[in-house]
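Peer 1: Position chain B against the provided structure of chain A, taking the given hints into account.
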Amino acid sequence: MIWIPELGHLALIFSLYLSLFSCGLALAKNQLGLALAWKLVRSNIIGQAFFGILSFGVLLLAFAQDDFSVAYVAHNSTTELALIYKLCALWGGHEGSMLLWYLILCLWSLWFIVKAKASSVFNLNTAGVLALLGAGFSLFILKTSNPFTRLLPNIPINGADLNPLLQDPGFILHPPILYLGYVGFALPFAMALAYLLAPDNIQVLAQKMQSPVRWAWSFLTLGITLGSWWAYYELGWGGWWFWDPVENASLMPWLGGTALLHSVRAASKRAQFGNWLLFLALFCFSMSMLGTFLVRSGILTSVHAFAADPGRGRFILIFITLTVGAAFLLYGLRYQAMPWQLRLFSKEGLLVTLNTLLVVCVAIVLLGTLYPMFADAWFNQQLSVGPPYFNKVLIPIFLLLMMLMSFAPYIRWSQDSWQRFKRPLIYIGGSSVIFGGVSRWLLPWQLDALALFGLLVAAILILVTLYSLVKGLKKFFYGQRRFDTLAMHCGHLGISVLAVGIILTSALSVEKDVLLKPGEATVINGTTFKLEGLESTWGPNFEGVKANFSVQRANKAMIQLFPEKRFYMPREMPITETAIYANIFMDYYIALGEPVADNQWSVKICLKPFVRWLWLGGLMIALGGLIAALGTRWPTTQVIN
Amino acid sequence: MSALHYKRFFSLLAMLIGFSIAVALILFALNQNINLFYAPDDVQQGLVPFEQKIRMGGMVEPDSVTRQQLSVKFTVTDYKSSTQILFNGILPDLFKEGQGIVALGSLKKDGIFYAEQVLAKHDENYMPPEISATLAKKQ
Chain A
1 MIWIPELGHL ALIFSLYLSL FSCGLALAKN QLGLALAWKL VRSNIIGQAF
51 FGILSFGVLL LAFAQDDFSV AYVAHNSTTE LALIYKLCAL WGGHEGSMLL
101 WYLILCLWSL WFIVKAKASS VFNLNTAGVL ALLGAGFSLF ILKTSNPFTR
151 LLPNIPINGA DLNPLLQDPG FILHPPILYL GYVGFALPFA MALAYLLAPD
201 NIQVLAQKMQ SPVRWAWSFL TLGITLGSWW AYYELGWGGW WFWDPVENAS
251 LMPWLGGTAL LHSVRAASKR AQFGNWLLFL ALFCFSMSML GTFLVRSGIL
301 TSVHAFAADP GRGRFILIFI TLTVGAAFLL YGLRYQAMPW QLRLFSKEGL
351 LVTLNTLLVV CVAIVLLGTL YPMFADAWFN QQLSVGPPYF NKVLIPIFLL
401 LMMLMSFAPY IRWSQDSWQR FKRPLIYIGG SSVIFGGVSR WLLPWQLDAL
451 ALFGLLVAAI LILVTLYSLV KGLKKFFYGQ RRFDTLAMHC GHLGISVLAV
501 GIILTSALSV EKDVLLKPGE ATVINGTTFK LEGLESTWGP NFEGVKANFS
551 VQRANKAMIQ LFPEKRFYMP REMPITETAI YANIFMDYYI ALGEPVADNQ
601 WSVKICLKPF VRWLWLGGLM IALGGLIAAL GTRWPTTQVI N
Chain B
1 MSALHYKRFF SLLAMLIGFS IAVALILFAL NQNINLFYAP DDVQQGLVPF
51 EQKIRMGGMV EPDSVTRQQL SVKFTVTDYK SSTQILFNGI LPDLFKEGQG
101 IVALGSLKKD GIFYAEQVLA KHDENYMPPE ISATLAKKQ
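Chains as they are written, first to last, in this note's numbering: chain A, 1 to 641; chain B, 1 to 139.
Hints in this document: simulated from the structure, not taken from any laboratory.
Computed from a predicted structure; not experimentally measured.
A virtual CB, placed ideally from N, CA and C, is assigned to each residue, including glycine.
It cannot be assumed that every hint is accurate.
To be verified - Footprint (simulated), chain A over chain B, 3 or more residues, beta carbon under 8 Å: (1) 5 to 19; (2) 26 to 36; (3) 84 to 91.
Pulled out of the complex, with its shape left as it was, chain A reads as follows (with noise of 0.2 Å):
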C-alpha cells in the first residue's frame, strides 16, 4: 500500500504528543489528582511506546520490501541483499539508528511504567521525565533526520547500498545491545531527577535504581565487547581498541555507570551514598547524551561519523545542555551533606575512592577527546589526540583500581584494621617479588616491567577471586542464595581475564606486511605461512579474490585460511574479509592487501597471542552484570510521598 511510510511518520508525531501529553500530566499532578494523573500518564506512555514501535516496525517493512521511493531505504540497501541485512540495515544510517533510539527508550519507559504499579509522586515525576527524554529525540527525529522522507516522484530502481563494511553479523547485534545499555541509563537519570524534585529516602530510591542500573550496565558491556571484537575482524588492521572519539563515547558511560553500579548497592545499605548515587545517575546519561552528541554531529574525525549536518549538532547540543543543564542545577540547589564519619580504610572509604578513580578516568577520556574540538574552536589549530595520552594515563590508575579490587570486597563496613590483612598481604607481597624475581626463567616470554607488574596484579585478582568464587559457589548450591556476591566475583574475574588479554596481547602481538605470489611463503616465529593459490569468488552484490593460506605450526595440525578481498559493485568499494583461526592462545590473523604486481599480493599477517581472553573477559564481566540483574528484585515499596 503506497501510503505505509506516511504511517510510519505519522505514527512517530503521534508519539511525540503522547509524551508531551505526559509531561504536562506530571505537571498537573496537583489539580488532577494523583490517582488519576497516574493512570493518564500510564496509559499515555503505553500508547508512546505503541506508536514508537508501530513507526519503527513500517520503517522496518519498507526495508523488507525494497521501498526505494523512502529515501532513507534507497540510501542504505539494495534488492540483493540478503533479508536479514535489509532489515538491519535500519540502523546503517543516521535517521534509522536514531529511530532505533527512540524505540528503545520507548521500550524502557514501558518497563518502568510495567514495573512500577501504585501511584506516588515519586513514579509520576519518573515517568514524566522519561517522557520529556522521549519528546526530546522523537522532535530531534522529526525535525532534522526523518527517516520518512520520499523520493518522489523519480522513485529509484535500485538502493545505493548498506555500506559494505556493515554487512556483517556484528552489524546484527553490536548497535541494538550498546544501545539498550547507552539508553537504559535514562532510567537512573530520571529517577534521580525525580527524587530531587521530591525528596525522601534515599535508600528505597537506591533499591529502586538497582534493576535497571544493573540491566543497562550489562548490555553495555555486551555492547562495547561485541564492537570491540567485530572491528578487530571487519576492519582488517588487527586492533581492538583504537581511542577513537566515538569509542570514547562509549567507554564515558561505562566508566561512569560502574561507578553507578556500585554506589547503587552502597547507597541501600548506607545513606551517605545518597549524594554520590544522584550525581553519578545524573552524570551517567548526560555522558550517554554527550556520546550522541558527538557521534551524530560528526564535529570529530571518526571511522564512524556519518555525513554531518551541522543543524543535527545544533539541536542536540541545545537539548543537552537545557536537560543536563537543569539536572546539575536541581541538583546543586537540593544537595544535603550528610553527615559521615569517612574513614579511608573501611568498605564506604574504597567505594569512595573508587567512585572518584573512575570519574577522573571518565575526566581524563572527556579531555583527550573533546580537546581537538576545544583546539579548533579557541587557538583555531586542528590537532588529534594520540592513543598514546590514553594510554599513559589511564593504565597507571586502572593497575590501582586492580589491586583494590583484589581486597575490597572482603574489607567491613564501618572501619576494618589492618592487622586483619597483615598476613595475606605479607604472603601475597612475598610470594610476587618472588615470581617478579625468577618470572625470566618462569614465562615464555621476554615483557617489560610494567607488563610484568600487570600480570602480577592480574594473577593475584585471578587468584583471591577464584577462591572467594569456589568459596561463594559451595554456599550459593548450599541454598545461600546471594547473586550479588556470585556476581561481583565473577565480574572482578572477568576484569583481570580483560587485563591479561590486553598486557598480553600488546606486549607480544607480531604484525607482518609481506609480498606473496601463489606458491610463496613467509615464516614468522616458527610459523610458515604459505600462499597456495587465488581463486575468484562472488556473491549477490560483489566479487572478488579469495586466497588460501597453509599455516604451518611447529609440531602442530596444519591450518587452512581463506582471506578474501570483496569488491562490492553498488558501491564501487573493496571489503578485507580477513581469515582468522583462533584458539585460546593465539590468533592467527591474514588480511589480503591489494594486487601489487602480475599476481602478486601485499599481505597482512599477525599473530595475536591472548587476544581471545580481552573478549572472554568482556563477557564475563557482563555475565556478571546480567547475573546481578536476574538476581534483583524490584523492591516493594514505595518511595513514600
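Peer 2: Coordinates of chain B only, in the frame set by chain A:
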C-alpha cells in the same frame, strides 16, 4: 585557629596540591601526544616543522600513486599546493585517487612526508572535518 581548623586547613591544602600535580601531569601527557594537522599549502609556506609527528591531509591526486614492492608513493593536494607522501605497508581499503585521506607521520628535510599510518574514510559521503575545513579555506 583551633586544632580542628588547623587540621582542616592542611588537609585542604594537601588535597589542592595533589589535585594540581595530577592536573599538571595529565596536561603534560596531553601536550606530549597531540598531533597537529597541516595541509600541503602549509608545507609550501614553510609552516610545517620537520621531523615532528604531525598529521597531513588532502585529496589524493589522480595518477599520482606509484608502487614499488610494499612502499607506496602518492601526492596529496589542497588544490593550491601538493605534497608527496611515502608509505610503507598496506593502504586501507577505501584509499582511492581523488578522495580525501589523512596521514600520520613526519615531514623530512627532503620535502617528503613519511607516513606511518594512512586513514581513509569509511563512508563515501563522509569527509574528515579537517580536510573539508582546509578545502573550504583554500578554494
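Peer 1: Taking 8 Å as the C-beta cutoff, is the stated coverage of the stretch 5 to 19 of chain B by chain A satisfied by three or more residues?
Peer 2: violated (count 0)
Peer 1: Verify this for me: three or more residues of the stretch 26 to 36 of chain B with a beta carbon less than 8 Å from a beta carbon of chain A.
Peer 2: holds (count 8)
Peer 1: Against chain A, does the stretch 84 to 91 of chain B show at least 3 residues with beta-carbon separation below 8 Å?
Peer 2: holds (count 4)
Going through the hint list in order, the structure does not satisfy hint 1, though it satisfies all others.
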